[in-house]
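Number of protein chains: 6
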Amino acid sequence: MRIDGRRNDELRNMTITTNFTKHPEGSVLITVGDTKVICNASVEKRVPPFLRGEGKGWITAEYAMLPRATEQRNIRESSKGKVAGRTMEIQRLIGRSLRAVIDLEKIGERTIWVDCDVIQADGGTRTAAITGAFVATTLACVKLLEDELIKEMPITNFLAATSVGITPESEAILDLCYDEDSKANVDLNMVMTGQGEFVELQGTGEEATFTPSQLNEMLQLGTSGLKQIIDIQKDALGEAANSIHS
Amino acid sequence: MRIDGRRNDELRNMTITTNFTKHPEGSVLITVGDTKVICNASVEKRVPPFLRGEGKGWITAEYAMLPRATEQRNIRESSKGKVAGRTMEIQRLIGRSLRAVIDLEKIGERTIWVDCDVIQADGGTRTAAITGAFVATTLACVKLLEDELIKEMPITNFLAATSVGITPESEAILDLCYDEDSKANVDLNMVMTGQGEFVELQGTGEEATFTPSQLNEMLQLGTSGLKQIIDIQKDALGEAANSIHS
Amino acid sequence: MRIDGRRNDELRNMTITTNFTKHPEGSVLITVGDTKVICNASVEKRVPPFLRGEGKGWITAEYAMLPRATEQRNIRESSKGKVAGRTMEIQRLIGRSLRAVIDLEKIGERTIWVDCDVIQADGGTRTAAITGAFVATTLACVKLLEDELIKEMPITNFLAATSVGITPESEAILDLCYDEDSKANVDLNMVMTGQGEFVELQGTGEEATFTPSQLNEMLQLGTSGLKQIIDIQKDALGEAANSIHS
Amino acid sequence: MRIDGRRNDELRNMTITTNFTKHPEGSVLITVGDTKVICNASVEKRVPPFLRGEGKGWITAEYAMLPRATEQRNIRESSKGKVAGRTMEIQRLIGRSLRAVIDLEKIGERTIWVDCDVIQADGGTRTAAITGAFVATTLACVKLLEDELIKEMPITNFLAATSVGITPESEAILDLCYDEDSKANVDLNMVMTGQGEFVELQGTGEEATFTPSQLNEMLQLGTSGLKQIIDIQKDALGEAANSIHS
Amino acid sequence: MRIDGRRNDELRNMTITTNFTKHPEGSVLITVGDTKVICNASVEKRVPPFLRGEGKGWITAEYAMLPRATEQRNIRESSKGKVAGRTMEIQRLIGRSLRAVIDLEKIGERTIWVDCDVIQADGGTRTAAITGAFVATTLACVKLLEDELIKEMPITNFLAATSVGITPESEAILDLCYDEDSKANVDLNMVMTGQGEFVELQGTGEEATFTPSQLNEMLQLGTSGLKQIIDIQKDALGEAANSIHS
Amino acid sequence: MRIDGRRNDELRNMTITTNFTKHPEGSVLITVGDTKVICNASVEKRVPPFLRGEGKGWITAEYAMLPRATEQRNIRESSKGKVAGRTMEIQRLIGRSLRAVIDLEKIGERTIWVDCDVIQADGGTRTAAITGAFVATTLACVKLLEDELIKEMPITNFLAATSVGITPESEAILDLCYDEDSKANVDLNMVMTGQGEFVELQGTGEEATFTPSQLNEMLQLGTSGLKQIIDIQKDALGEAANSIHS
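Chains as they are written, first to last, in the UniProt record's numbering: chain A, 1 to 246; chain B, 1 to 246; chain C, 1 to 246; chain D, 1 to 246; chain E, 1 to 246; chain F, 1 to 246.
For chains that are exact copies, the list does not tell them apart, and a pair is met inside one copy or across any two.
Within a straight-line C-alpha distance of at most 16 angstroms, the following computed EDC-like cross-link-like pairs (lysine to aspartate or glutamate) qualify:
no., residue 1, residue 2
1, K45, E71
2, K22, E71
3, K183, E206
4, K106, E207
No lab work stands behind these hints, which were simulated from the structure alone.
Go ahead and model the full structure; you've got the sequences and the hints to work with.
Below is the structure:
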């Protein structure tokens, strides 16, 4: 029995609120248990220098936590004057994941900035951010279509993420909350498409290791969880979900 | 008639949601029209070096905006590696204001960090931040009392802030939204106590000036608005409001 | 009786030396009691990116102190690698104040940089800087006129600043020296034009408050002091003062 | 047939030179094809603040490239004033990997710094760095034992890393050189122990995806390659290899 | 005939004003032709970490220019967020030079900070800074003696600096102004004691070279100039000069 | 008798390995006793802003040490976020020295970056860097000639560097190792051309001084050592040495 009463293969309660703030082209609040992340997609009419004049676009992500999103207050990265390694790792992961399901030729010379700001953290903030970022990006692309700034839907597939792990008692569990995550021997983040293909797989056993058969067990748990998460994304997107001919 | 249909002496709709996130000792979401600010008060069991061993505490504020809180996306200060002058000015203002209504001897060797994070901006973010920060700080102090970590309520008075201005048509208006603020000749931020005394007064006429009589007109408008705002704070605080024997 | 023997409504001795160093287009040493500030106005033949191609100019200010301008040595901001909040606040104030009395269309696509470097501090450095910066800027504009680089005087009005405050004994006093400033309950910086209109008003009661009637008392004291200061500016400018048809 | 004539399951030529420079407690030059990395392990007699007084040690890694280790010169991170996200990601990966095979209680209150400096890059620098870092760390621990500063060997297992990938022609290949890496659809870095257990698994399909069966194919290829690499480590370590009772 | 009418072996007019500002323990304004540098020596009652508990002191220097000390305005180093290489080179040179003539045991656990701020530059700012810094440091030491904080004069010798160079016409000249310096083939900075011994010698031929005989010619010119400069220092120090039993 | 058995006028063993790494246009490993420096010359097809459109090139140097090149590990400058004063001083010295023997008109609008990375330090790293940098730069220029990107050899002369010093026993010694350097009273770095002309001369007596006759003794020792070093450079360059018609 898990700390919050879930079965090993059970997701936490997940909600996705669209149009959460008014300015962004796509704005989402995603909650996964007590983890809450605002995901805003902003469209900018220019691309980074290395892409100028190539007729294609770019998508990039940034990730941050409010100082008191966590149990203990963290010093702001702007006050420290530098971005932490963990933050960089996460925002690179979000950006790479999104680039696997978007056809950048179809957005023209535009950059989509996806800002993922954690306002409350209880484990799984990076996978919640990817799941919410996908919805916000889709909304921004739908808006570009509606405004007739682009001609075809650039999103090529669904995309969602979750974490799986191995407890100290060697059980595989799905969607770890903070307490579970801090005790787990192994933590595996999975990012998958609507077709069940892998986009990213990051497994780590800090001060521990895992066997091939444990890996398989985790992969199965994650795959089944991700199917449910993609259904929640579809519900949140409503009509817009149909424009993704994955 | 103002852009949003208000009278010149009319505040925007204001709501204060307490206990907005779960980790901070005091957590508030304040909305002023379309401006939304999360104000979190965190209590830390130590003080900055200049106060060590003096038996008294400290309170300081930080202010930030989500990148897409505004019409155009702003680059994160953590990415730029430095905090903008405007941000510093605002967080210094919030901190000074709070220090006017808190007896730092009574909180012992603790620091209260008040984080004001704007998630949606439509003018008046710094005054909304002060008004919300006061409520969050009060909640944190009440918690310290309930946990019997301190003996007496350190908050000595109510504190609220609003802006007043002069339109290009020379009319004094209360509680400017972004559109009004960007066109106004003069912008005056007022921070006041529950007794109607001034804590901070910052009037500025970028590329314009104002006369003594215009100053008086603005001060009257602001004073009447601040009384209403303090009533909203009292409602939000409920029972806790009574512990402030101002 | 004040610490230096002045009456409550009495200014400190003020001198303004023009052409203090040889390179700047306008160079001034201003002394206000023991406070000494070098104000240099430099004209650069280009504008910041946001103004390019608009045919108008820009004026901006920077403020710094020599490390040992003060009783205790301060670490250089260049060594710390960042500019303090106080410094940013002051240089933004100086810049905004100057922009209220200069017609930027008339200086063409030029930037005027006004550097205010405090070589000795004894209170009131920001108001001395504004008062000196105005004279340096006027001299630089006169030079642009003499060199026939511009056609009309861009300075539209006189501009001066001083501070007023409330002592612990509740007396309003004019032009606070460092000792008075560090003890005062309230500190109000006033920036005014030659017509007695307000440009900036920054009143603050760190750990204290002030009443509307105290505000009025301070405003009267400051207004009378600023008239005398503008006369000193006129004397320092000599002929050049006549070119300001305010 | 691969670009350098290898079979799909063939490693590049690998050499490990021990005692490469004279100052470090453990110093190694590892070459993997044309990739060359200096791995130096330094022992410091103190631990980071979060471990002080706990009687255990810490191991951390840093990674850098000489500016011209690559085809195009890269700007030094010290000149840019900040460490790139890619660098942080890699040094966090190296550190976590090493912590899985070292018993930090056994090194006492010491920090082992492992510096991995790439002097020539041709793909696989991070996996070469891990493989070399393990040897350098082992040498440093042997030295601590010989100097009787510690009593037992803290290294608990062998540790090596390599990369596997999927070519555009959908073939799984082992140990990608730069040319292969830049064309591959999928890149999977594997870190394993001497018992064939996973320590880290990082698979990414930038702008592509991979199926569960492709994952299995890659895992098998990598596992067989890592066995050979661990044999090369044993040869390089000679006697010292016997002290690891994994 | 030189640009300002001097003979090749003739110094520019030099003045040294003592007690230039009121706060520092030693304060000097030195002018060398149109070069003007404020040199302030500050005594702090502690030493850097590497000297703590050793019973001896430290002396270090910082150097900066006002932004418009030069013909063209320079961006402030605090705004750029880093100290330029040239600045570091100069402040290291000033510090090393001073350490050659001070007995750090005799100042106890104190740090003397010598701030050299150029308010007007016309060549030779680093040598003027050294010459002025020596006088400021001596004044600070005399004050320590008078206040009975130390028992013996720690200054062991006089110290002065000047520059010599080779013109494009191959003539050796003494004490180069900016115009001469920017045209010279060779620039040699000499720092010497009152006994005519070398402390520092920095000769550089950017895009040019110099022969051993040219070196000798420059050394003679510099040595004779430095004797005159030390006489000017003695005059400025008056009584205090006698306390240096060099 | 010196610590390593050398005569006072004897150089340490010096080797220069050309084509040390594969990517740079010119790559050299220089060893001077136990000091080992990789010197890589990279040619970039553009110049810094101040030279654009002038038809001439630029050469600049960067210098760094691996963290454990020294007895004690040094923190990386990229981690500290700033380049140390010592580093800046050295890279400015290397750059200036190289500019004295290269005709920048002849390399067209190109920048040559010379990276000097110390992998093992035992005194004299800056002079080894200059000596190696000259060889790497020459190789890069020969490559430009061979590729017919330039028409004439831009290197105008040989260039080498060494150090000389005065021991506490007042003996002049050549080519100081780290132990000698840390004890020496005086340290003089000499940079010379193949014709025996000075390019740079940097003599310093931290906490000591030196007489004119000691200077002469050191200059003679250094001059004779530099002749031998240039012969070693010629051997390393082989054929390429003939293209320098100095």
